[in-house]
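2 protein chains.
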Amino acid sequence: MNDNMDLEKLFRPKSMAVIGISRKNNLSPGRIILLKNEFEMNVDVYGIHPEGGNVEGVGLYKSLSDLPVTPDILVIAVGPDDTIGYIRECAEYKIPASIIIGGGFAEIGGEGKKRQALLKKIAIDNEIAVLGPNCIGVYSPPLLDTIFLPTERITRPPKGSVALISQSGGVLIDQFFVKFKERGVGVSTAVSIGNRAVVDETMLLEYFSKVDPDTRNIAFYLEGFQEGKAREFLNLAKVSEDTVITYFGGITKQGKIATESHTASLGGNLKVLSGALKQYYILQPHSERELLTMLKVFDVLSYKKNPFGKNTITFGEVAILSVSGGHGVLCSDMLQDYGLNAVWFTEEEKEEMYEILNPVARKIASFNNPIDLTGSVLDKDIENMIRYLSDIERIECILLLLLPYPPNISFQIGRRISNVISNKNKPIITFIPYVEKYQMIIESLELSNIPVFHSIKEVVQAASALKDRTRFINLKKKNYFWETENTK
Amino acid sequence: MNDNMDLEKLFRPKSMAVIGISRKNNLSPGRIILLKNEFEMNVDVYGIHPEGGNVEGVGLYKSLSDLPVTPDILVIAVGPDDTIGYIRECAEYKIPASIIIGGGFAEIGGEGKKRQALLKKIAIDNEIAVLGPNCIGVYSPPLLDTIFLPTERITRPPKGSVALISQSGGVLIDQFFVKFKERGVGVSTAVSIGNRAVVDETMLLEYFSKVDPDTRNIAFYLEGFQEGKAREFLNLAKVSEDTVITYFGGITKQGKIATESHTASLGGNLKVLSGALKQYYILQPHSERELLTMLKVFDVLSYKKNPFGKNTITFGEVAILSVSGGHGVLCSDMLQDYGLNAVWFTEEEKEEMYEILNPVARKIASFNNPIDLTGSVLDKDIENMIRYLSDIERIECILLLLLPYPPNISFQIGRRISNVISNKNKPIITFIPYVEKYQMIIESLELSNIPVFHSIKEVVQAASALKDRTRFINLKKKNYFWETENTK
Chain H
173 MNDNMDLEKL
183 FRPKSMAVIG
193 ISRKNNLSPG
203 RIILLKNEFE
213 MNVDVYGIHP
223 EGGNVEGVGL
233 YKSLSDLPVT
243 PDILVIAVGP
253 DDTIGYIREC
263 AEYKIPASII
273 IGGGFAEIGG
283 EGKKRQALLK
293 KIAIDNEIAV
303 LGPNCIGVYS
313 PPLLDTIFLP
323 TERITRPPKG
333 SVALISQSGG
343 VLIDQFFVKF
353 KERGVGVSTA
363 VSIGNRAVVD
373 ETMLLEYFSK
383 VDPDTRNIAF
393 YLEGFQEGKA
403 REFLNLAKVS
413 EDTVITYFGG
423 ITKQGKIATE
433 SHTASLGGNL
443 KVLSGALKQY
453 YILQPHSERE
463 LLTMLKVFDV
473 LSYKKNPFGK
483 NTITFGEVAI
493 LSVSGGHGVL
503 CSDMLQDYGL
513 NAVWFTEEEK
523 EEMYEILNPV
533 ARKIASFNNP
543 IDLTGSVLDK
553 DIENMIRYLS
563 DIERIECILL
573 LLLPYPPNIS
583 FQIGRRISNV
593 ISNKNKPIIT
603 FIPYVEKYQM
613 IIESLELSNI
623 PVFHSIKEVV
633 QAASALKDRT
643 RFINLKKKNY
653 FWETENTK
Chain C
173 MNDNMDLEKL
183 FRPKSMAVIG
193 ISRKNNLSPG
203 RIILLKNEFE
213 MNVDVYGIHP
223 EGGNVEGVGL
233 YKSLSDLPVT
243 PDILVIAVGP
253 DDTIGYIREC
263 AEYKIPASII
273 IGGGFAEIGG
283 EGKKRQALLK
293 KIAIDNEIAV
303 LGPNCIGVYS
313 PPLLDTIFLP
323 TERITRPPKG
333 SVALISQSGG
343 VLIDQFFVKF
353 KERGVGVSTA
363 VSIGNRAVVD
373 ETMLLEYFSK
383 VDPDTRNIAF
393 YLEGFQEGKA
403 REFLNLAKVS
413 EDTVITYFGG
423 ITKQGKIATE
433 SHTASLGGNL
443 KVLSGALKQY
453 YILQPHSERE
463 LLTMLKVFDV
473 LSYKKNPFGK
483 NTITFGEVAI
493 LSVSGGHGVL
503 CSDMLQDYGL
513 NAVWFTEEEK
523 EEMYEILNPV
533 ARKIASFNNP
543 IDLTGSVLDK
553 DIENMIRYLS
563 DIERIECILL
573 LLLPYPPNIS
583 FQIGRRISNV
593 ISNKNKPIIT
603 FIPYVEKYQM
613 IIESLELSNI
623 PVFHSIKEVV
633 QAASALKDRT
643 RFINLKKKNY
653 FWETENTK
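Line by line, the protein sequences give chains H and C.
Letter by letter, the first sequence follows residues 173 to 660 in my numbering.
Letter by letter, the second sequence follows residues 173 to 660 in my numbering.
FYI, nobody ran anything at the bench for these hints, they're computed from the structure.
All C-beta atoms, glycine included, are put in the ideal place defined by N, C-alpha and C.
All the given hints hold, so there is nothing to weed out.
The list that follows gives simulated cross-link-like pairs (lysine-lysine, DSS-like), each with its CA atoms no further than 30 Å apart:
{"#": "1", "chain 1": "H", "residue 1": "609", "chain 2": "C", "residue 2": "609"}
{"#": "2", "chain 1": "H", "residue 1": "609", "chain 2": "C", "residue 2": "353"}
{"#": "3", "chain 1": "H", "residue 1": "353", "chain 2": "C", "residue 2": "609"}
{"#": "4", "chain 1": "H", "residue 1": "208", "chain 2": "C", "residue 2": "535"}
{"#": "5", "chain 1": "H", "residue 1": "196", "chain 2": "C", "residue 2": "535"}
{"#": "6", "chain 1": "H", "residue 1": "650", "chain 2": "H", "residue 2": "660"}
{"#": "7", "chain 1": "H", "residue 1": "353", "chain 2": "C", "residue 2": "353"}
{"#": "8", "chain 1": "H", "residue 1": "286", "chain 2": "C", "residue 2": "522"}
{"#": "9", "chain 1": "H", "residue 1": "609", "chain 2": "C", "residue 2": "196"}
{"#": "10", "chain 1": "H", "residue 1": "609", "chain 2": "C", "residue 2": "331"}
{"#": "11", "chain 1": "H", "residue 1": "552", "chain 2": "C", "residue 2": "196"}
{"#": "12", "chain 1": "H", "residue 1": "401", "chain 2": "H", "residue 2": "285"}
{"#": "13", "chain 1": "C", "residue 1": "208", "chain 2": "H", "residue 2": "552"}
{"#": "14", "chain 1": "H", "residue 1": "535", "chain 2": "C", "residue 2": "293"}
{"#": "15", "chain 1": "H", "residue 1": "535", "chain 2": "C", "residue 2": "196"}
{"#": "16", "chain 1": "C", "residue 1": "552", "chain 2": "H", "residue 2": "196"}
{"#": "17", "chain 1": "C", "residue 1": "450", "chain 2": "C", "residue 2": "331"}
From the derived model, a few chain H residues whose C-beta atoms are all more than 12 Å from chain C:
{"#": "18", "residue": "260"}
{"#": "19", "residue": "489"}
{"#": "20", "residue": "646"}
Start from the sequences, fold in the hints, and give me the full structure.
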């Protein structure tokens, strides 16, 4: 990292100025950024327009020199040539950080490449932490949001433990923001790096890993590593006390990784890349959905109310508890691919489970693994079974497939499960169908930070993610003599 | 098929009797079935209780002989021994069909197996179409619903073109009903086959394929074929004018297919099975999600208002039209795995596309495939681009990745796309994020039967499914000299 650049100013500014505000077009990016920060966010924001005046009641300053303070950050939303002029002004006024929204740089080749080189030189010479150009900016709740799309059009995730860094602005606000919100996954800060002329994924990994106190998990969507910096990225990841996850786009034949020479050292294809990432303790999901599943589990477990305590998954030994035989079958089918295994129950254990169940259900239930409690199940059966399974030490995680359709399952069941788990600290991953009328059950589990998923596959992926994370944490501890607790 | 059994009575009965109604327990399965059909469905339903009386205002008959009509179907929800007695009564009163809800038959082994053999003998000797035992019954809207769970607890899919047959009742009502409803996929009839002592998947394939006029797509969830009948199933599928899809559970080492000798002729493992199924023109999704994607597309295209007309996908040549570069990259990455290919545009075509776009967007847009229109896109750009791409013959399908976040995209965009496509008949599959506030855009596409998905992967799976279906239809036509139109 360029130690002289202060990335904290990008993500935790006290004050911010915005340039490129149209007084006529209410959809101009600069105007949207000014107004959303003025009305929705906590940063002190100042709009600049050469002619002053106001937009929607918010007064504008004629120049940087008119501002009452030197802002921590200048958001520049003008054409490429004017952008260079304003970066020079950042240098002149000693503004430590800038976000450049507009394009017209390296991505258009030729002149644009030269322009970007000049931009980079000014930034480095003057120690300005420049994000972009050609980016969608920063969302750092509750402080600032420089995403130049109207807030009412986009979906914002809640505050949480995940630093989210994306090379594509569209992927950030759609594939991540929408699905984070759906799943209740929270971000500490979300960053669109655009052309990454100055601030790149490696600098961000270092910042979020070492400095930012709110971040516990760092996730990247990349279409390739920054030229010449892959090695540094990997080494930083290897010693990071946060969980580091990368997801790559553009990985097929036509994809960037295969074609860009700068990643040749990693082998240039996904298989080799994937192997390399593992050696540096970087988690690599196989699909976007698996990435989201991982982040949901890790985010939940990063909060103080962690229902699993110190319990982790070392061997992948699970018990499947279902109220539908078919669901148990579908779940079992997936275990092997995800490095999990259904424990075998002894005859004694099967008899004990038989005794726990109500007299109607016990006759038709199946006590193999998957356990099928059948539609004759009562609340107390589920509660008792979870308590029983929690006490079996070789079971590292319970996969609970809960269909609330049987008429004797009450809306109290979520709370009853939460109570057992909170006492037992046994990892449990639950499946409950996404049906609005069962929201009360889902909520009572989520209030206790018990992860709920709406597909069987995600349940299996989540348990597998816990296992992978356990392994990396143990390896890091062994190799780097960490403190037991994250020291940030 | 046992030609003497009248399966139509199971799915299109005029009258139905229910036995096994508790007057004390308002959650008893028989009572739930009686009342939901009395109050919600169109079939004439009669409840039987040895002592008569009434439940919740609905009068009960003391015996079958007291009923004013001979019912088409008898639903039996009593213990196993009594069940045999009532099946004998079906024979005596010449009731042509029966659904047996309760268990205690082959699934418990020993005595149960003998009991099931006896049941089967009585049914066959007397030509009674028996469904079950140990099943959840039939949902055939708007006529009948014998699912013994309270309707307010479950989620019912709309009426549509898919006959849905499941070996697991839990999988039927949860994995299918919930997700069908979410995606707007409709069922003609849904059937839980349970132990399939008499009526099995092969008989149902024949019935839905040859007889049922509402069915155009037949989907099976199976944990193995009925003993000795796999060959007949495959041969029926090969000549079916409907699209046949199978999805198997229990396919891993511990799974049923690998362990049950009756499927040994198919090789006993998924890879061999999968190859065999293809040769019989049976579609086989790789995941439950892909199954749902297939059914959504096929269901939509089974309606009279089919926006793609006779256009099909033969070679898998697609154009990706996106407003986000990252989405285009992620989509491209998936094409190869699904047998699809992004067409190459000529320089002339790229210039023509440049001319179509608004002056701001054209400068920053990318006209390779994927096409990235960028956030500067206007409604008319999307409309014009779809019209333009529709006229390029070698493009078989447009994959439209529409993020409605750019402020100039209006809520009219869905209607404008629908209008172009309905005129052009070019297959189009759309991605729109699942965000409630964009429901108006989603609805205007769905009203014109244009399939909308909420993940990029499903868009790719849907185009791939159309390609596979085209191939099978062409092969069937070639081999069996079908009429051009489905002749049911």
